[in-house]
Amino acid sequence: MFKKLIEESTGKSPWLFHINAGSCNGCDIELVSVLTPRYDAERLGFKLAGTPRHADIVVVTGPVTQQSLNRVLRTIEQVPEPRCIVTMGSCPQSGNVFRGSYAIAGPLSKYVHVDVDVAGCTPKPEAVIDGLVKATEILREKRRAMK
Amino acid sequence: MFSLAFLQTALLYLGYILIFPGFLFCFVIGLLLCGIDRKAVARMQKRVGPPILQPFYDFFKLCGKETIVPAAANRTTFMLAPLVGLAALVVIQLFIPVFNFRVFRNLPEVADIIVILYLLLIPAVSVMLGGAATGSPYAGVGLSREMVTVLAVELPLVLVLLSVAKTVGNALGNGLVFSLSGIVDFQAAHGSLIGRVSMIPAALAMLLIIPGETGNHPFDAAEAETEICEGLLAEYSGAPLGIYKLSHAVKMLTLTSLFVALFLGGIGTGVEHLVAAIGLTGGFAAALSLILQVLILVLLCIVLTLVTISFVHAVTARLKIEQLFKYYWTVVTGLALISLVLAWYGY
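Going line by line, the protein sequences match chains A and B. Under the working numbering, the letters of the first sequence match residues 1 to 147, in that order. Under the working numbering, the letters of the second sequence match residues 1 to 347, in that order.
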């Protein structure tokens with residue numbers, strides 16, 4: 001019973017940690033609009049955490065530059081299991097307009113397993129919320145698989 | 001070996017500690033207060049807000065997460081500090097009377113306000129200990145700020161308690177009354193203390209102390225999540241973090257019910273006569289009046305949380321640590337001092 005309770009709660013209380021991996025700031029502003037009164041993702045339990053140790057879902061924006069690659073990977077490692085990685089915008093998924101640049105180390109899926117990709121430049125808040133809800137379902141699956 | 005009476009008393013006290021004024025009660029009502037607070041703040045900001053049960057989901061989720069102990073941390077302190085803080089809060093809840101109901105009815109001198117004052121420090125110290133044990137620089141900044149907050153809040157709190165003790169002592173003609181059950185008994189006989197002129201500034205000061213003591217919004221410089229990554233809790237994850245979040249919620253219950261005991265103690269004490277007036281007697285009547293008193297206490301705690309924590313959260317921005325200190329040692333201490341002087345001259 002206790003295990004089921006934890007599993008249910010895991011799906012209902014996902015805390016986000018946001019990493020900017022060289023983003024143009026467009027996606028970052030759009031993520032904030034998801035959390036603020038207009039779209040209010042807190043009604044689904046989403047909350048922006050201050051440190052990776054508190055997070056369940058890591059949201060990565062930006063094309064993962066050479067400079068940021070190492071920091072992104074180290075930050076993701078600090079998130080306790082079960083965790084989900086969501087890329088936001090086209091940049092971390094494909095490189096977008098920066099594809100082929102010498103400064104870009106992405107796409108992110110070359111280095112870590114990415115659970116959900118939300119494409120768009122920038123994605124609409126509705127699409128972001130949809131992607132995050134899909135991530136919570138994956139989070140619940142991962143919790144079920146633990147122990 | 002063990003007599004039946006001893007076994008019965010032991011079981012009764014175990015029930016007190018684990019279920020009614022103790023752990024289970026604190027757990028449920030504390031998290032409920034926290035959920036109501038989050039919902040209310042959201043509604044004041046024109047948001048839909050999380051469900052009322054959100055803190056329960058958060059707590060159980062954190063219980064199921066991996067706990068990472070940082071390489072630089074002292075493992076024992078890191079794991080034990082949250083438990084000590086929570087235990088201290090549960091002990092305070094045992095000492096706070098629920099109107100006519102008291103755990104230590106036979107031992108009136110076992111815990112006066114001064115013991116509660118000391119116990120209230122332990123959760124803050126446990127957060128500081130646990131945070132310092134992680135070795136994180138964010139925790140270092142949070143540690144110094146938390147210490148300043150505790151110092152700032154403690155002085156007006158002592159003055160408020162002193163003026164309450166003096167008012168009751170004056171009225172009964174025996175100096176200072178520090179016994180919390182004595183204060184509630186006095187209010188049961190002579191009406192709530194909030195009705196006295198000298199107690200109004202003290203009650204206001206206490207209302208301002210509640211968000212400072214719990215570390216809620218305008219006074220949360222110690223765990224500013226956008227600035228120093230929740231300070232002392234920066235390195236915590238999993239179940240220990242859940243216990244810290246739980247103690248934060250229980251602290252809201254502890255302080256609001258302390259306010260009820262100090263200033264509104266006369267409200268629920270008439271319930272026993274009311275139940276007797278309907279014509280009920282015996283064990284059933286006692287149980288019914290206890291349930292009614294608990295309900296009144298919970299309702300008052302919810303109202304106090306909405307006024308002192310949610311409303312203040314929604315209309316203010318975070319204070320800097322030196323502004324916080326100055327505010328408490330001028331405005332709030334001033335209010336408490338006015339009350340103390342009035343009480344000394346018998347108003």
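Because the hints were derived from the structure by calculation, they are not lab data. No experiment lies behind these values; they were computed from the predicted model shown. Please note: incorrect hints may appear among the correct ones.
Said to hold, decoys possible - Listed below are the simulated BS3-like cross-link pairs for lysine-lysine, each with C-alpha atoms no more than 30 Å apart in a straight line: (1) A:K134 to A:K3; (2) A:K3 to B:K39; (3) A:K47 to A:K12; (4) A:K124 to B:K245; (5) A:K134 to B:K46; (6) B:K326 to A:K12.
Hints, verified against the model:
1. A:K134 to A:K3: holds (21 Å)
2. A:K3 to B:K39: holds (27 Å)
3. A:K47 to A:K12: The hint holds at about 11 Å.
4. A:K124 to B:K245: Between A:K124 and B:K245 the Cα gap is close to 33 Å, so the pair fails against 30 Å, i.e. violated.
5. A:K134 to B:K46: At roughly 26 Å apart (the allowed maximum being 30 Å), B:K46 and A:K134 satisfy the hint.
6. B:K326 to A:K12: Distance of about 40 Å is beyond 30 Å: violated.
Hints 4 and 6 from the earlier list are contradicted by this structure; the remaining hints agree with it.
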